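Q: The residues making up each chain are set out below.
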Amino acid sequence: MVTRSLEEEYVKLLRDYLNGPGEDQLYFAQQMGKWLLAHDVSPEELTDMHGRALEKLGEVPEFVRASFSILTEVMIEYGNEHRSVHSWRSRHQQMEAELTVAQAMQKRLLPNQLPDYPGLEIGVVSIAAKQISGDYYDFICQDRERFCLTVADITGNGISAAMCMSMLKYAIDSLREMPLGPDEMLRHLNRIVGRNIDPSMFVTMLYGSYDTHQHCFRYAVAGHEPGFLYRAAEGVFYDLAGQGSVLGLCPNSEYEVQEVRLEAGDILILLTDGVTECKKNRYYLQRDELVLQMQAELGVHAQKMANALYNRLLALSQFELLDDYTMIVLRRT
Amino acid sequence: MDLFLKTTSQDTEHRVVLGGDIDAHTGPEVKETLMSLANEPGTRRLLIDLEAVEYMDSTGIGIFIAVMKACKQKECAFEVQKLSPRVERLFRITGLYEHIAIRKGESE
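So the sequences go chain by chain: P and H.
Residues 2 to 334 (the working numbering) make up the first sequence, in order.
Residues 20 to 127 (the working numbering) make up the second sequence, in order.
Looking at chain P on its own, in the form it has when it is part of the complex (with noise of 0.2 angstroms):
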């Protein structure tokens, strides 16, 4: 609003300025109209300041008064044009606000230390491609041998990826003390995930259970690429076995059990397609390339060899990011 004091104000530096036209002047003008800007004085209360200062400077002829008319007119659709804008950019404000309120939450549905078990190295890389990842990950001790282990990806991200991790997250705690095998727990996933996402939403989900006395792992796959197995011993990768139907798709999927034993020196490589849909300029990584990055980080321990590798894949994808990313390295020392 056009105070009396602005009016004043605006009417000196026009007078200043006609009796000598000065550099000084022109700054105070700019500085003027920022704060007219973020005062929200609209362009058609200017247009009818400035004319009533003319008034206030002298005789002003006719045809210029009536040329206001017009001007006014005209600014009131610049005003228009700039309260939306406004209101826009508080909306904009707001959606950010709640954007990050969503990022803090969902940092802490992932967890905040790995375990930590004698013989086994774990490394994690998980990097959202936006600011709200799709990508889910999390392990729970069992006991002083066991721990459980879940990487998923949600479709789309976002707030109802938020959402829906947070829905996995309190099922899978409360179904934790319930003595589940992995493909119990995927069945009872996919009701849960089936009865309460959108129909065009799902899950995909590797579940398991590692034994580090036996270093045993056993898992299931619910629509998940179920990543890579390295034997030391022959020096070679191999793609983890596993099939099942995406959370969410049909209320009676079933999934199998699989089960890997690690020897010294093996490495398991689990991970969401962002690591398998990596872009090498326009086309995609092919298996046998990101079999041939993997071999060149052995030998380092698991949460190097995770970093490396992200490294390596972001270089090659020209460091853009174009999906959530998540490699979870577990190694038998």
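You can take every hint at face value.
Simulated DEER-style distance windows between Cβ atoms:
1) P:Ala98 / H:Ala43: 19 to 25 angstroms
2) P:Lys35 / H:Glu48: 41 to 47 angstroms
3) H:Leu24 / P:Thr101: 36 to 42 angstroms
4) H:Leu24 / P:Met106: 34 to 40 angstroms
5) H:Glu73 / P:Ala98: 37 to 43 angstroms
These are calculated hints, taken from the structure and not from any lab test.
Source: prediction; values computed, not measured.
We put the CB at the ideal spot given by N, CA and C, even for glycine.
For chain P, the structure is supplied; the task is to place chain H on it using the hints.
A: This is chain H only, laid out in the frame that chain P set:
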């Protein structure tokens, strides 16, 4: 690449040819077209031709799941054909292969 989408209908049967990219950008248009055909009163068969699809991500899989569910509710046949090796792999990994009829032959 952009989306290519062409629908031909004969009585209660619809055939949709999709091409280009099916991703987060083009997904809403694909979903709206397929869902409105699936929900159209009297639709008995919906056939999707994927031969010209260059790229499809999880958005596309989500659309096929939603359309499959809608068709199941209406007892309308939902079929896809001419999947590229990459799309076929996506269908296998996600388990869609078990739930959607994949036509092996040429289009009718």
